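**Student:** Residue numbers (the working numbering), protein chains in the order written: chain A, 1 to 409; chain B, 1 to 198.
Because the hints were derived from the structure by calculation, they are not lab data.
Keep in mind that a hint or two might mislead.
[Stated by the list, open to error] What follows is a list of derived Cβ distance ranges for each label pair:
id	chain 1	residue 1	chain 2	residue 2	range
1	B	T22	A	K144	40 to 46 Å
2	B	P143	A	E181	45 to 51 Å
3	B	A62	A	R232	31 to 37 Å
4	B	K69	A	R291	40 to 46 Å
[Claimed, not checked] Going by beta-carbon spacing under 7 Å, a handful of chain B positions derived as facing chain A:
id	residue
5	T49
6	C77
7	H93
8	P119
9	G123
10	I126
11	P146
12	Y148
13	Q156
Small disclaimer: the values here were computed from a predicted structure and weren't measured.
By construction, the Cβ of each residue, glycine as well, lies at the ideal position given by its N, Cα and C atoms.
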Amino acid sequence: MSDTDRVVTVPIGPQHPALKEPESFMVDLRGEKIDAVRMRFGYNHRGIEKGAESRSYTQDLYLVERVCGICSYSHSTAFVQAVEEIGGLELPRRAKYIRTLIAELERIHSHLLWLGVAGHEIGFDTLLMYTWRDREQVMILLAKLTGNRVNYGMNTLGGVRRDIAPEMYPEILRVVDLLEERTKNYIDLAQTEQTLIQRLSNVGRLSREDALRLGTVGPTARASGVDRDVRRDDPYAAYPEVSFKVVIDDHCDVYGRTVVRLGELLETYSIIRQLIKNMPDGPITIKAPRRIPEGEAVSRYEAPRGEDVHYVRGNGTEKPERVKVRAPTLANFSSVSKMLEDGYLADLPIVIAAIDPCFSCTDRMVELRDGVSRDSRSLTWEEVSRMGVQWYRDRGIDPSRITIPGACG
Amino acid sequence: MSDTPSPAGAAPAAEPGPAPITGPIVGIAEELRTRFSLPQTALKLQRATRLWVDVDQAGFLALFDHVVKGMGFSILCTITGLDLGTDLGLIYHMARDGGIMVNVKTRVPKGKTHPSVTPWFPGAAIYEREVEDLLGASFDGRPDMPRYPLPEDWPQGDYPLLKDWKPRAESEGAAAAPAAAPSAGAASPAEKGAAPNV
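So here's chain A without its partners, still in its complex pose (with noise of 0.2 Å):
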């Protein structure tokens, strides 16, 4: 065909097999060329923001870490932060320090996550299991210190509600260390396995100057050479006593978007090994009102997709006035048609893929069963793991001879 006058718009989504959550675009097409791209979110609203002024604060916190199933812990950090702020409490040391930790573990999941996802949808599915496998270690370990694998219900107000026993130090050690040596595998792998090269290479650019002008955020923001990252430029938790470098890259497309992910989780590492070496002693948590005095803040929070922040206007009462979450996912929404335009439909996927999209974030809603219905037994975490294999077991596949240490088989 060479008929490459005339536009046909192609519609993908908002259910199709190449996006992970709902969501619609109007592509138009001048052959394998895009034209333009039309976008349409809101297929996950929720009503977050109504459901908040109604509750407590306690209840929002639980309900506002349902904003994302990936970064539970950035919203929930974000919201309690402001309401912390307006309520004048001030944490105690060991809190921050938790805090922080949490959020990196968070961040190494969530990096490790996209990396999978990104070999998945350019045909590289090896990547994808060797990262999720290695994705597993951390979200092991995030169970084991805050009982679940995500929404960890960590955060408090006033603290955190789970201390972290000093015999768990050595075994934070030990994923760090390993995944570090995963990851500089995956560094190298970046830099020298040519077909990845190339298939991500001049693929979705954004230039600097269109990711400032469109306000993209977070590793998207930072492959265009933005050198922007909240946990150093407005420090929050214990930020501002750890050292780490901000990590940019210049490339301007999905292989510098991959660059930055991979450069950040080192960073990550040492960060953590820092939290670990410095953790102070005392308390985790400081008493706080259920009323939250009259006023207002914004907190800005540096999560894995980039700036998350979260306004809170409290009005005297255990109930706030207005919550307002924005999260990284919608400031990045511009920068998406520009990435695709000019290029082709077969990209489509992995350049969507490359800014890490959250809809559910974006669009901010809650799956909410009826908590009476619910089976109401509890399992441990080996009798999950022993479930999950039996599960499969029954449908032929034998996993057992995969050792994942700290997991029982």
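Fit chain B to the known structure of chain A by using the hints.
**Tutor:** For chain B alone, kept in the frame of chain A given last:
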């Protein structure tokens, strides 16, 4: 850029707090106060990286333009909309490299329009669209775009973040979700007993 505190102008009185706030933010507050003849109460220094500025709708654009172009606040983090009774409140959360955030607040009577800031920040369109959908604001000059975040068939004039808005039963129609499309994958036949969670 006037980052040094003006010697003559007393820094806007912070709320009785522990330590006085210092740094470039004091100069920023002072510059805005004198340049736009704002009353002392219109400025609130919360900490070294947070300033809140109240400006009336008539003075909004000039102050906004100066904050962006004159003071280098080139990041618009988001726009928060508030239901303040007869007015809508708008807060423009602006930041610049170095971590300082200036929150520009203004009030717009309900039913009146407010100028779009997309000429300064093209990416602001989605933030403005959100305040329009959820609170019924209206921005002059915003580029045309589909609804966000509410569905296309959401009733006109129905703004769920207004304080007097109450959720309705699904049978009443407005918020009724379209029938859930069956998911493509052969995912979990075991779950077929569970009611679809819409």
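**Student:** Confirm or reject each hint.
**Tutor:** Verification of the supplied hints:
1. B:T22 to A:K144: 40 to 46 Å: At 43 Å between Cβs, range holds.
2. B:P143 to A:E181: 45 to 51 Å: holds, 49 Å
3. B:A62 to A:R232: 31 to 37 Å: Roughly 33 Å apart at Cβ, these two residues keep to the hinted range, so it holds.
4. B:K69 to A:R291: 40 to 46 Å: Holds - the Cβ-Cβ distance for K69 of chain B and R291 of chain A, about 42 Å, lies within 40 to 46 Å.
5. T49: Where the cut-off is 7 Å and the nearest Cβ of chain A is about 5 Å from T49 of chain B, the hint holds.
6. C77: At 5 Å from the nearest chain A Cβ, C77 of chain B passes the 7 Å test, so the hint holds.
7. H93: Check passed: Cβ of H93 of chain B comes within 6 Å of chain A, closer than 7 Å.
8. P119: Violated, about 12 Å.
9. G123: G123 of chain B check passes; min Cβ-Cβ to chain A is 4 Å, inside 7 Å.
10. I126: holds, 5 Å
11. P146: Interface hint status for P146 of chain B: holds (5 Å vs cutoff 7 Å).
12. Y148: holds, 5 Å
13. Q156: violated, 16 Å
Checked against the numbered hints listed earlier, the structure breaks hints 8, 13; every other hint is satisfied.
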